[in-house]
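Chains as they are written, first to last, in the UniProt record's numbering: chain R, 1 to 126; chain D, 1 to 232.
Hints were generated in silico from the structure; no laboratory data involved. A hint or two may mislead.
[Claimed, not checked] Reference listing, derived: stretches of chain R covered by chain D, where coverage requires no fewer than 3 residues with Cβ under 8 Å from a Cβ of chain D:
#: 1; region: 18-25
#: 2; region: 28-34
#: 3; region: 38-47
[Said to hold, decoys possible] With a straight-line Cα cutoff of 16 Å, these simulated EDC-like cross-link-like pairs (lysine to aspartate or glutamate) come out:
#: 4; chain 1: D; residue 1: Lys222; chain 2: D; residue 2: Glu168
#: 5; chain 1: D; residue 1: Lys213; chain 2: D; residue 2: Glu175
#: 6; chain 1: D; residue 1: Lys213; chain 2: R; residue 2: Asp20
#: 7; chain 1: D; residue 1: Lys222; chain 2: R; residue 2: Asp15
#: 8; chain 1: D; residue 1: Lys213; chain 2: R; residue 2: Glu38
#: 9; chain 1: D; residue 1: Lys222; chain 2: R; residue 2: Asp20
#: 10; chain 1: D; residue 1: Lys213; chain 2: R; residue 2: Asp15
#: 11; chain 1: D; residue 1: Lys213; chain 2: D; residue 2: Glu187
#: 12; chain 1: D; residue 1: Lys213; chain 2: R; residue 2: Glu19
#: 13; chain 1: D; residue 1: Lys222; chain 2: R; residue 2: Glu19
#: 14; chain 1: D; residue 1: Lys213; chain 2: D; residue 2: Glu155
These figures come from a predicted structure and were not determined experimentally. Ideal placement from N, C-alpha and C gives every residue a C-beta, glycine not left out.
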Amino acid sequence: MSDRIETPPGGAAGDARAEDALDALLGEVSQRAEAPGEALMARIAAQGRAMQPRPGAAAPSGQGAGWLRALLGGWPVAGGLAAAAAAGVMIGGAPPAALTAFASDVMGQTVSYSLLSDADLYGLED
Amino acid sequence: MSSGAMSLGPAPARLRRGTAVRGAGRLQMQAVPPPEAREDARLALTGLSDGDLLVAYAAGQEAAAQLLTERLVPRVYAQAMRMLADRAEAEDVAQDAMLKLWQVAPDWREGEAQVTTWLYRVTANLCIDRLRRRRRTAPLEAAAEPPDPAPGAAERLQGAARNRALSEALASLPERQARAVALRHLEGLGNPEIAGIMDIGVEAVESLTARGKRALARLLSKRRAELGYEDE
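Could you build all of it, start to finish, from the sequences and the hints given here?
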């Protein structure tokens, strides 16, 4: 915006009158203190209560494993993933006989390596 | 607005369960107060500084939202009215400014800033945004007020007309000049505080204020008679 503004008539005297009038205007407006209506006060207070943090509520943060749970889709999905991972470990460590036979049928031949020979790793044997 | 820090002091035993207390430099919540202690809890909060009250709000103190509203909204609304001279716009600004306060409350750290200074900045910025929009559209129109036969009605109407004229002139100024003049001459803030609010030096504030006042005087010079200043 341009700062060029028309010079008031009356030269220096006009300038002085304009400044006096402005001082009076600023002084008067600065004393105006209009009060807000009750409806506005009630609306803002209600808005404040609605937005108020609740004591004990978990604060949103990027700390801990919260971000990972959120990324995975929350507790139900993360729990399912954990169960699937545990099942995979069990199958890998002590595959059921049916699974071994199925693998033989598909692959033709299977070779087993045991790092813990004869150990009942999961206590599955009586 | 209260600015004094407060010690909650000796409170009744039933109140101590549910009031904000100081701990490690911050207010912390104890338990939720029983219903009969709410009024006492409210009274205990009234002595808190604005910053402490905002921390209490963030900690979940039920009465804090109401107290902050009662304490801060009249000032925000009055500031917006002085700059905008329009009730509907001033109400919108007050609501928007307080919305920002509620949002910032959880991150507020007592002692880092004054709530009032923060609100002066937010309110002035919101008003400047509206003055900018007003420049691009039609000039402010006088609200259609019904005739008021009460004593002093003519003076009130003239006061409102003068407020509108000043608001229109502020809308014509460069934004930084308008902000500096409003904070200095309408809100009565000192130059150092304005410098903090505007993130500029004190000398820049003085320069902006002086140029803004000269521009305002020229803009309003033709309206002296209309505004009733011709013979003063």
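Hints violated by the structure (numbers, ascending): 8, 14
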